[in-house]
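> Next come the chains, spelled out residue by residue.
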Amino acid sequence: MSKISLNSTKVEKIKEICASFGNKQGEIINILHKVQGTFGYLPKEVQEVISEEIRMPVAQIYGIVSFYSFFSMKPKGKYPISVCLGTACYVRDSEKILNEFKRQLGVGIGELTPDGKFSLDCLRCVGACGLAPVALVGDKVYGKLTIDKVKDILDEYQD
Amino acid sequence: MKIKTLAELTSVKECACKLMSARLKGKNSADTNAKEEQIQEGSFKKTILVCGGPGCSASKSDVISSNLKECLKSEGLENEVDVVLTGCFGFCEAGPVIKIMPDNTFYVKVRPEDAEEIVKEHIVKGNKVEHLLYTEPSTGEQVVEDKDTNFYKKQVRIALRNCGLIDPEKIDEYIGLDGYKALATCLTEYSPEKVIEIISASGLSGRGGAGFPTGKKWAASARAKAEQKYIVCNADEGDPGAFMDRSILEGDPHSVLEAMAIAGYAIGATKGLIYIRAEYPLAVHRLQVAIGQAREYGLLGKDIFGTGFEFDIELRLGAGAFVCGEATALIHSMEGKRGEPTFKPPRTSEKGYLGMPTNVNNVETYANVPAIILKGAEWFSSIGTANSKGTKVFALAGQIRNVGLIEVPMGTTLREIVYEIGGGMKDGKKFKAIQTGGPSGGCLTEKHLDIPIDYKSLSEAGSMMGSGGMVIMDESSCMVSVAKFYLDFTVEESCGKCTPCRIGNKRLYEMLDKITKGKGTMEDLEHLRNLSNVIKETALCGLGQSSPNPILSTLDNFWDEFVEHVVDKKCRAGVCKDLIHYEINPSACIGCTNCARNCPVDAIQGERKSPHTIDQEMCIKCGTCVTKCKFNAIRIL
Chain A
32 MSKISLNSTK
42 VEKIKEICAS
52 FGNKQGEIIN
62 ILHKVQGTFG
72 YLPKEVQEVI
82 SEEIRMPVAQ
92 IYGIVSFYSF
102 FSMKPKGKYP
112 ISVCLGTACY
122 VRDSEKILNE
132 FKRQLGVGIG
142 ELTPDGKFSL
152 DCLRCVGACG
162 LAPVALVGDK
172 VYGKLTIDKV
182 KDILDEYQD
Chain B
-18 MKIKTLAELT
-8 SVKECACKLM
2 SARLKGKNSA
12 DTNAKEEQIQ
22 EGSFKKTILV
32 CGGPGCSASK
42 SDVISSNLKE
52 CLKSEGLENE
62 VDVVLTGCFG
72 FCEAGPVIKI
82 MPDNTFYVKV
92 RPEDAEEIVK
102 EHIVKGNKVE
112 HLLYTEPSTG
122 EQVVEDKDTN
132 FYKKQVRIAL
142 RNCGLIDPEK
152 IDEYIGLDGY
162 KALATCLTEY
172 SPEKVIEIIS
182 ASGLSGRGGA
192 GFPTGKKWAA
202 SARAKAEQKY
212 IVCNADEGDP
222 GAFMDRSILE
232 GDPHSVLEAM
242 AIAGYAIGAT
252 KGLIYIRAEY
262 PLAVHRLQVA
272 IGQAREYGLL
282 GKDIFGTGFE
292 FDIELRLGAG
302 AFVCGEATAL
312 IHSMEGKRGE
322 PTFKPPRTSE
332 KGYLGMPTNV
342 NNVETYANVP
352 AIILKGAEWF
362 SSIGTANSKG
372 TKVFALAGQI
382 RNVGLIEVPM
392 GTTLREIVYE
402 IGGGMKDGKK
412 FKAIQTGGPS
422 GGCLTEKHLD
432 IPIDYKSLSE
442 AGSMMGSGGM
452 VIMDESSCMV
462 SVAKFYLDFT
472 VEESCGKCTP
482 CRIGNKRLYE
492 MLDKITKGKG
502 TMEDLEHLRN
512 LSNVIKETAL
522 CGLGQSSPNP
532 ILSTLDNFWD
542 EFVEHVVDKK
552 CRAGVCKDLI
562 HYEINPSACI
572 GCTNCARNCP
582 VDAIQGERKS
592 PHTIDQEMCI
602 KCGTCVTKCK
612 FNAIRIL
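Quick note, the sequences are listed as chains A and B, same order.
Residues in the first sequence are numbered from 32 upward in steps of one, following this note's numbering.
Residues in the second sequence are numbered from -18 upward in steps of one, following this note's numbering.
Just so you know, the hints here were simulated from the structure itself, not pulled from any lab data.
It cannot be assumed that every hint is accurate.
Here are the simulated lysine to aspartate or glutamate pairs, EDC-like style, with alpha carbons at most 20 Å apart [as the list claims (entries may be wrong)]: (1) B:Lys495 x A:Asp186; (2) B:Lys602 x A:Asp179; (3) B:Lys517 x B:Glu491; (4) B:Lys318 x A:Asp183; (5) B:Lys558 x A:Glu84; (6) A:Lys127 x B:Glu295; (7) A:Lys148 x A:Asp190; (8) A:Lys148 x A:Asp124; (9) B:Lys611 x B:Glu564; (10) B:Lys41 x A:Asp183; (11) A:Lys65 x B:Glu295; (12) A:Lys175 x B:Asp408; (13) B:Lys318 x A:Glu79; (14) B:Lys602 x A:Glu79; (15) A:Lys127 x B:Asp583; (16) B:Lys609 x A:Asp124; (17) A:Lys55 x B:Glu295.
Looking at chain A on its own, in the form it has when it is part of the complex (with noise of 0.2 Å):
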């Protein structure tokens, strides 16, 4: 992974999230998802300066950054796509769905496309299973899809 620099102001940034949980060790999970909720994802690099400020080895933070699906260590786009796999989507082929999506986009899950407009990922159950199979972009949530749709879908955010 390529290394990215931050600068002071991201820094200051992120020292004022932890302070603001009295940079207590026992607060990291709410530190990661209040810095990843700030700067979109968590690289080795910011992982770094929140363990200066909370005095945990960077080690601790990565095991934990890496135990928990919801932080991730790699950018998502301007436009995060994520199909639904849970078991009432499955038995509804959305298999079939997540496979068109990445056929169209020529991305594999977890992965960003080259201009940076869509990220591809999977998740599971949005709770919107009368509606399944389903899939999400950002918070748009889009229900009963068949493979014809992923091209509307995607359509939708050519700007």
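Given chain A, put chain B in place with the hints provided.
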């Protein structure tokens, strides 16, 4: 304003009831304490309830709600009719759904543009909007009231009692339906021992999956001596295909808060924590609102109901790890660690959060508690079977006609759920399997359909109650692939702490993968069973121990299908790509070229108006041609 006495609570209730009178009048009198004649005339003559559950929200029920408000305004009726966006009604298949009270008229598949007609016809003229009424598929007849539909007829709503009836962001509406009265009763009339006694006598048991008796759990935490004890609500709903807890938290958050305070009083804890998935932002928001309102009324905080009892609740966000549904893993996660389970004993009731005695219950378990306190242990234990009391909420999904959230008395048979409540199979296909318990459960078949639902009978059949996921499959599901789907999930979610789960499940997955690719042997089937049994006996936590269940139950119930994959190299459901190929039936193909034009890899050739053929070398078996062909000319072999 602080509510300090039962009398003050009652006066808030009376004010709320006045505003909610249209709803209370329409509500079936059987399950409300208020008698029709006692309900005071309120300012609203009618109330339109709009479902704001996850499914209906995705179909723009918020727009329906605002359109209705606008239309009412333009008719000058905004002070006579109110519109309430509620929690989940449960009938997702018919969504978005709305209900007009006190007329008890139930409209389904409502679109935002229907708002005007609803207001002009129903509200102004008093006519039913017929094309929005529900049609019972079995009889073809229109049904006006939701309680008369097959979907609702056999349901008993205890945990979901307020979902779809109140505005979850208004504490007054919860109080209007006897909210916080159970807490007041416990604090002012019962000793902590008495509360535990009631819960024990009710027979309530853990709705998260394992079914441990709740009263027994509370008693253990009450016995433990410590300076600080904790009440934890497990809202880390990780079962893929299940949304019971989410619906309760989004539709009726106060019932969980009230129950946690009652549990706190019973075991002697002053702090409560709700561990909730970060993937449920709306539920998180609703809980934050609810906690704020309860604090404002003094129903959380110091000196609750003037009794000196102190209790407050905080939220802890999860970060997406299925194993955190296990109590010890959940506690580690709350402490800011990797969510890895530890060996029990000590149980969390003795040594939990920060090493202190901690009572952990699931959302649905808590949601039952206030109702039990108000209506009594005897009432609750009269519902259900000899060894499982009360009701259970299930998220009914898959290839079934009525997908949705249901609550049924224990003892209801699977057949009643599938064919009556569920309305039978979708698209007239044949029933094949029913899966309960998610990745820890199993697949049952036709011969199990008459099993009454309770903890014991489901385990004996090789599945489990689980948290409430219930997925129905038809003949288009390949059972080997289904087992592989669950193992894929387990492998992904295994925390990695113990070897049987980390490595064993990976090996199980590889064997299943080999079988679905047509490379399996009979020996593999034997290994699958042996390794599954080893993992079951040796994994550290409940999740590891139950992870081979999807394999064992499919091996038991669908042995022929496994053998077919191994010996005949065939997948009867046409799912396993390596075991199938597509062929065009020349006598059915009219040469419309639709398939050829849509094939992503140009594997289909043929002249216009003459039968086409598929190049098997090039074909990627995506199935696009099958969905495109209007003449059913493409066969999966």
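> For every hint, state whether the structure bears it out.
Status of each hint after checking the structure:
The straight-line distance between the Cα atoms of B:Lys495 and A:Asp186 is roughly 38 Å, outside the 20 Å bound, and the hint therefore fails. A threshold of 20 Å between alpha carbons decides the hint, and for B:Lys602 with A:Asp179 the separation of about 16 Å falls inside it, so the pair holds. Proximity of B:Lys517 to B:Glu491 is assessed by CA-CA distance (about 18 Å); at most 20 Å being required, the pair is judged to hold. This hinted pair does not check out: B:Lys318 and A:Asp183 have alpha carbons roughly 42 Å apart, beyond 20 Å.
As the CA atoms of B:Lys558 and A:Glu84 are separated by approximately 52 Å, the hinted pair breaks the 20 Å bound. Annotation: proposed proximity of A:Lys127 to B:Glu295 is violated, straight-line Cα distance about 41 Å (limit 20 Å). Restraint check for A:Lys148 and A:Asp190: satisfied, since their Cα atoms lie roughly 10 Å apart, inside the 20 Å limit. The suggested pairing of A:Lys148 with A:Asp124 is violated, with an alpha-carbon distance near 26 Å, which exceeds 20 Å.
Between B:Lys611 and B:Glu564 the alpha-carbon distance is near 15 Å, which keeps this suggested pair within the 20 Å criterion. The straight-line distance between the Cα atoms of B:Lys41 and A:Asp183 is roughly 19 Å, inside the 20 Å bound, and the hint therefore holds. A distance of roughly 17 Å separates the Cα atoms of A:Lys65 and B:Glu295; the hinted pair therefore holds under the 20 Å criterion. For the suggested pair A:Lys175 and B:Asp408, the alpha carbons sit about 15 Å apart, so the restraint of at most 20 Å is met.
Distance restraint check for B:Lys318 and A:Glu79: the Cα-Cα separation of roughly 17 Å lies within the 20 Å cut-off, and the hinted pair is therefore satisfied. Our distance criterion of 20 Å between C-alpha atoms is broken by B:Lys602 and A:Glu79, whose separation comes to about 46 Å. Of the supplied pair hints, the one linking A:Lys127 and B:Asp583 holds, its CA atoms being roughly 18 Å apart against a limit of 20 Å. For the given pair, B:Lys609 sits about 16 Å from A:Asp124 by alpha-carbon distance, which is consistent with the 20 Å threshold.
Of the pairs offered as hints, the one joining A:Lys55 and B:Glu295 holds, with about 17 Å between alpha carbons and a cut-off of 20 Å not exceeded.
Against the hints set out earlier in the document, violations occur for numbers 1, 4, 5, 6, 8, 14.
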